[in-house]
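Residue numbers (numbering that gives the first Met the number 0), protein chains in the order written: chain H, 0 to 150; chain C, 0 to 216.
Mixed in with the good hints there might be a few duds.
If you want a taste of the chain H side facing chain C, the calculated C-beta under 8 Å gives, among others [as the list claims (entries may be wrong)]:
no., residue
1, 50
2, 71
3, 122
4, 124
The hints are simulated quantities; they were obtained by calculation from the structure and are not laboratory data. Here a beta-carbon is modelled for each residue, glycine too, at the ideal position from N, C-alpha and C.
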Amino acid sequence: MREPVERARAVAAAIPDPELPVVTLGDLGILRDVRHTPDGGIEVLITPTYSGCPAMDAIRDDLRRALPGVTVTTVLSPPWTTDWITEEGRRKLREHGISPPGRAVMVALTVRCPRCGSPRTRLVSRYSSTACKAHYVCRECLEPFDHVKEI
Amino acid sequence: MIEALEIGDDCLVLSQRLSEWVTRAPTLEEDIALANLSLDLLGQARALLSRAGDEDELAYLRDPEGFRNCLLVEQPNGDFAHTVVRHLLYTAFLHALYTRHPDDEVAAKGVKELAYHRDYAALWTVRLGRGTEESHRRMAAALEALWPFTDELFEGRPGLREPWAAHVSRALDTAGLAMPAHAPQRSGGRRGEHTEHLAELLRELQGLHREHLGASW
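Kindly produce the complete structure, drawing on both the sequences and the hints.
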């Protein structure tokens, strides 16, 4: 049988993100740590993508529901970066029509259309349905799509 | 460390101003962009005000004299040009301030967000400055109206004006706009001496909470 901390980590990591439910807290890299507290309990550390991320309350609630009795702590440092999104997370985003981020140290990489794969895309707005996404449109297949922007 | 009350109030008040655009922005894309900018600042405000005390009490129960925000952020949205110029002038300052505090966790996170804010404001400055005669005229008028609130940003904060001026003048040059010369300056926000606009902003921000103490959704 696995350690309680490892079990809790697996449960927490598998919780879907409330705003991007195709990916999990683990995929996004917003689950920072799961550890024992001095009094024998378990503490889950999470970090917001953006300072004002409105999903944090829902994430805390989801964690407490899935892991009754845990302490949920929000940490700001080190600041979240899209580089923490796992390969698995990137694949799931692409499969669901959301263009995954490039590397955060940006050399203005081409954003490819997640539908047809064309690099001929155009930025419509740097802000989209959530703080962490920008809005693009494909010039090839004309599909509008979201891109998780590098930060 | 960042001055929690002063910068927390800047972020809260500017966040509230930007949120006033929601459902009223020129296009749907800008509506969403402005809401996201507002949200970033609200998150930073909450983190900073929580350091200064109870965030809800500080946001909802202080009178205007208790607020320590600079006068620039409380100025009304005006037309879109005023909102763009205010954002250009303020976010260039906040980005410079955050850059100087890499060990402060709010600043270290916020600086990445502010980089997008600065770009957003600079892009619109260029677009409107070089757009039509009308958009250029409105940008020049907004600069004229808001420039008097810029000196206050640097009071007691040496070393920030240079990076600020470099960013702002680059955007204005590209936009074909000139920095206003000899504008008389105003200050007092950091001492609680505000323009009449803050009271009106707070009436909307605090109205519900003050009328129905403890109300929840």
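*asked:* Hint by hint, where does the structure go against what was stated? Just the numbers, ascending.
replied: Result: hints 2, 3 break, sorted rising.
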